[in-house]
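**Q** Taken in order, these protein sequences are the chains called A and X.
Going by this note's numbering, the letters in the first sequence line up with residues 1266 to 1399, in that order.
Going by this note's numbering, the letters in the second sequence line up with residues 1266 to 1399, in that order.
Check each hint, because a few of them may be wrong.
Calculated lysine-lysine pairs in the DSS-like style (CA-CA distance at most 27 Å, straight line) [to be verified]:
| no. | chain 1 | residue 1 | chain 2 | residue 2 |
| --- | --- | --- | --- | --- |
| 1 | A | K1289 | A | K1316 |
| 2 | A | K1316 | X | K1281 |
| 3 | A | K1289 | X | K1289 |
| 4 | X | K1315 | X | K1289 |
| 5 | A | K1289 | X | K1357 |
| 6 | A | K1315 | X | K1289 |
| 7 | A | K1357 | A | K1289 |
| 8 | X | K1289 | A | K1316 |
| 9 | A | K1281 | X | K1316 |
| 10 | X | K1315 | A | K1289 |
| 11 | X | K1281 | A | K1357 |
| 12 | A | K1315 | X | K1281 |
| 13 | A | K1357 | A | K1312 |
| 14 | A | K1357 | A | K1316 |
| 15 | A | K1281 | X | K1312 |
| 16 | X | K1315 | A | K1281 |
| 17 | X | K1316 | A | K1289 |
| 18 | A | K1281 | X | K1357 |
| 19 | A | K1289 | A | K1315 |
| 20 | A | K1289 | X | K1312 |
| 21 | X | K1357 | X | K1312 |
| 22 | A | K1312 | X | K1281 |
What the hints contain is simulated information worked out from the structure, not anything from laboratory work.
2 protein chains.
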Amino acid sequence: MDGVIVTSLSTIDNPKGSIYHAMKESDVGYTGFGEAYFSTVSYGEIKGWKKHTEMTLNLIVISGEIEFVLYDLNDFMSIRLSNSNYCRLTVKPGIWMGFKGISTDRNMLLNIASIEHNPNESVNMGLEELPYEW
Amino acid sequence: MDGVIVTSLSTIDNPKGSIYHAMKESDVGYTGFGEAYFSTVSYGEIKGWKKHTEMTLNLIVISGEIEFVLYDLNDFMSIRLSNSNYCRLTVKPGIWMGFKGISTDRNMLLNIASIEHNPNESVNMGLEELPYEW
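Use the sequences and the hints to build the structure in full.
**A** Put into structure tokens, the structure is as follows:
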């Protein structure tokens, strides 16, 4: 899907505790740093739909498992991220997104956003407003 | 301690899953984005000592509890971060740091670093090389 990039991330194992890459300035998908924050989504809950008009999202799931569904006004695309499918999901402005907590453990993502939070640059819709079977 | 900033972070509670702030471009301690990565430290293990000569670290503990010990060649300073003491720890170049896993659950930090990883800008010492009682 145009405007969506999935990038596999590496892990450096260490007996004292491992390192998990998230994002470098030189990585594909990096368009500036505005803000980083964590978001959790409880088991079975769905957050969405939301579309950003300016922000590029860079999403990394650091615990649990989260299903992301993206909609570009033509098609839906879905991907599940977790420690066992450890990837960064880049979502450019203009794409509708929703996400669902899949694990009964804590489902948590990091968003490295290209701009600071600004409620005026995002649009929300109710879950029932797009015909997607979660 | 000069070169160390502790900033309390806010959480936005939501029944579907909460938001945890980490860092904004406009925040105290932000001096540029080079890389973001996660590091874990097992229960009872200590990673250290390490000193960066160029990188500013911005450390957020997102699960478990981690004790950070800092040394500026004069004094030691220690702080424990966790979800119940949810703060960002900014460490400027020139400060020695070690950290220990305190929780038996997963102890994990996010580092929002001002430059990309470069092994030539950091210095390591053995744990026994500084007289600190962990």
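**Q** Taking the hints in turn, state whether each one holds.
**A** Each hint tested on the structure:
1. A:K1289 / A:K1316: 24 Å, holds
2. A:K1316 / X:K1281: Answer holds: K1316 of chain A to K1281 of chain X is near 18 Å, not above 27 Å.
3. A:K1289 / X:K1289: 16 Å, holds
4. X:K1315 / X:K1289: Distance of about 26 Å is within 27 Å: holds.
5. A:K1289 / X:K1357: Within the cut-off at roughly 19 Å; holds.
6. A:K1315 / X:K1289: Measuring from Cα to Cα gives roughly 21 Å; hence the hint holds.
7. A:K1357 / A:K1289: Satisfied, since the Cα-Cα distance of roughly 17 Å is no more than 27 Å.
8. X:K1289 / A:K1316: Distance ~21 Å between K1289 of chain X and K1316 of chain A Cα, so the pair holds.
9. A:K1281 / X:K1316: Status holds; Cα separation ~18 Å.
10. X:K1315 / A:K1289: 21 Å, holds
11. X:K1281 / A:K1357: 24 Å, holds
12. A:K1315 / X:K1281: The hint holds at about 15 Å.
13. A:K1357 / A:K1312: Distance of about 18 Å is within 27 Å: holds.
14. A:K1357 / A:K1316: At roughly 10 Å apart (the allowed maximum being 27 Å), K1316 of chain A and K1357 of chain A satisfy the hint.
15. A:K1281 / X:K1312: It holds: about 7 Å lies between the C-alpha atoms, which stays within 27 Å.
16. X:K1315 / A:K1281: 15 Å, holds
17. X:K1316 / A:K1289: 21 Å, holds
18. A:K1281 / X:K1357: Answer holds: K1281 of chain A to K1357 of chain X is near 24 Å, not above 27 Å.
19. A:K1289 / A:K1315: Between K1289 of chain A and K1315 of chain A the Cα gap is close to 26 Å, so the pair holds against 27 Å.
20. A:K1289 / X:K1312: 23 Å, holds
21. X:K1357 / X:K1312: 18 Å, holds
22. A:K1312 / X:K1281: 7 Å, holds
Violated hints are absent here; each numbered hint is respected by the structure.
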